[in-house]
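Chains as they are written, first to last, in the working numbering: chain Z, 1 to 288; chain A, 1 to 301.
Please keep in mind that the hints were generated in silico from the structure rather than gathered at the bench. It cannot be assumed that every hint is accurate.
As the list claims (entries may be wrong) - So the derived list for chain A, only partly shown, Cβ under 8 Å to chain Z, looks like this:
| no. | residue |
| --- | --- |
| 1 | F123 |
| 2 | P124 |
| 3 | V125 |
Unchecked claim - Okay, the calculated bits of chain A under chain Z, using three or more residues with CB under 8 Å as the criterion:
| no. | stretch |
| --- | --- |
| 4 | 74 to 88 |
| 5 | 115 to 122 |
Stated by the list, open to error - From the structure, some residues in chain A lie toward chain Z, with a derived Cβ separation under 7 Å:
| no. | residue |
| --- | --- |
| 6 | R93 |
| 7 | Y112 |
| 8 | S126 |
| 9 | F142 |
| 10 | Q169 |
Yeah, the Cβ is synthetic: ideal placement off N, Cα and C, and Gly gets one too.
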Amino acid sequence: MIDWILDPYQFEFMRRALLVLLVVSVVGGVVGTFVVHKGLAFSGDALAHSTLAGVAIAFVNGANVSLGALIAAVATALGIGWTQRRGRVSYDTAIGILFVAMFSLGILVISRRTSYTPDLFSFVFGNILGVSQSDLLGALLLGAATLAFVAAFRRELSMVAYDPSMAATVGVPVRFFQYALLVLIAVAVVVALKAIGIVLVNAMLIVPAATASLVARRIEQIMVLAVALGATSSVVGLHLSFHANVATSPAIVLVACAAFAVTLAATARRRVAPTAAIPHAAADGRDA
Amino acid sequence: MTSAPPSPSAAESAPTVLGDHELAREPLPPGHEHGELALEVRDLWAGYPGQPPAIEAVDLRVPLGEIVGLVGPNGAGKSTLFKSILGLVEPIRGQVLAFGKPVREARALIAYMPQLEDVDWNFPVSVTDVVLMGCYQRLRPFGGWSRANREAAAEAIERVGLSRFASRQVGELSGGQRRRVLMARSIARGSRLLLLDEPFAGLDAAVQHDLLEILDALVQDGRSVLLATHDLSCVASCSDDVVCLNRRVIASGSPAAVLTEDVLSRTFDRHLLQVASFAPQFASPHPPAQVAAYDEHIAGE
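Turn these sequences into a full structure, and let the hints guide you.
Below is the structure:
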């Protein structure tokens, strides 16, 4: 058992994989809590797919691919925020259009290259073993910036999420924080991109936070629990993939989804209880 | 009680001679020196881009320590009026003064209680978390809530009778309790003017009564309230003044003067059929205090 746990880490790429997955779990859990509770799962997916355009353009031009992904994701986040404010089409339709436009641009650029491009596919499906030292450093920096922002403005982010009109009346720059949240999601996507891949990266945002929300009721608790769940799923998935010789990111995501399913089943009865347990009758007697 | 000083008779109490500089009254709290108004709206026009104005030429006053009811049908512009008072909707023209100052400078003195639907009740915050939001003053990175904030929040929660639910997630509360949470948030803010948007919607009479008692106590403390509702019986019983709004001010004045069949049928267009049946005391032939000019075409819309 000990060997099963320790064996993989005699390889440097596995140690690096573990580290980057821990960073992904922390950022994913914290940002994912907002994604789950503000119904931004589709935005997360759109941001993930939009990065293909940046990845492809940077790759073709020999530029830094992660930087390309970051630029594409942030630009898309700002675009989503803009349509959210002055949309003449519905919000999810606008996101859907941005999503396919950016993704198509990515495929178009790739299609011009006739040679096989394995590096690009590692971005689409994730390649945990291809995470370089500089990828790890980039993830650490972006992750630290994300956490610092959330820690600095946790009151404002909560107020804007809970009641934006009241937040505006007491002087919170609501528009700024609505955009900021989308940019945070974009950054979280880029942090996880190389390890998890465009197709599955959204899972690291929504699955652990959704599971945590089944058992915890306060935003801080949900964040901590989501980070713990993300990290556990990552480690278990990483070992499964190492020993069973299967792809890492789907292994991690399946473990996280299994944890969600088990938690959902285990809390099925409890979900009813909190409401029923509130003594409405004693408190008001009338307005239950 | 021999040690007690003799009560001054008229002869003994020599008139205090004050120097000129002392003649001025004690410094009054903000607002008092501006005609005793908590809120003054002058000729306010507001609306949304690409649409006709939702409110036109609205004049409205909330005197200090009074409850003013704002009555009108859905779509009359009550929420738009609130949002333009608060600066959430940019007015097309007109002026809003709170305690004699532009609203931007009087933010700390104003609390806004939105409609229940405007708030995300599923967001994972507790009653205490929400009430603390009322204490927010300004953007401060890494800022937290001070001990004074926490005490103010606990006191406000106590005041609305939700202490037992302080750590409960807000989504687990009933409609009446949610309103009380929002009211506690307004109290914790220490505001002198409360803007309440439909505070009684969807509540039964007994819960309305509880909320009114809380509101009454707040007014006793010197707070002023502007309260939007389409519940006429409630406004008739709790307001000092009533403003009837249907894009324009149809009438304003005391409830008895304003809540007449004539004014109400013009305010609610054809929605109101039987005034006398719900408030017979106000169906008297009193003329409305100030019936504003009324455009026939608005009634027709």
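Consistency of the hints with the structure:
1. Annotation: F123/A was flagged as interfacial toward chain Z, and the flag holds, the nearest CB pair being 5 Å apart, inside 8 Å.
2. At a threshold of 8 Å, the smallest CB-CB gap from P124/A to chain Z is about 5 Å, leaving the interface hint in force.
3. Below 8 Å, beta-carbon pairs count as interface contacts, and V125/A has one with chain Z at about 6 Å; its hint therefore holds.
4. Interface restraint, the stretch 74 to 88 of chain A with chain Z: holds (4 residues with C-beta to C-beta distance below 8 Å; minimum three).
5. Evaluation of the coverage hint for the stretch 115 to 122 of chain A: fulfilled, as 4 residues show C-beta separations to chain Z shorter than 8 Å, against a requirement of three.
6. Given hint, R93/A at the interface with chain Z, is violated; its Cβ is 21 Å from that chain's nearest Cβ, farther than 7 Å.
7. Checking Y112/A against chain Z by beta carbon gives a least distance of about 5 Å; that is within 7 Å, so the hint holds.
8. At its closest, the beta carbon of S126/A sits 6 Å from a beta carbon of chain Z; the interface hint therefore holds under the 7 Å criterion.
9. The interface hint given for F142/A is met, as the beta carbon of that residue sits about 5 Å from the closest beta carbon of chain Z, less than 7 Å.
10. A least Cβ separation of about 4 Å between Q169/A and chain Z falls short of the 7 Å threshold, and the interface hint therefore holds.
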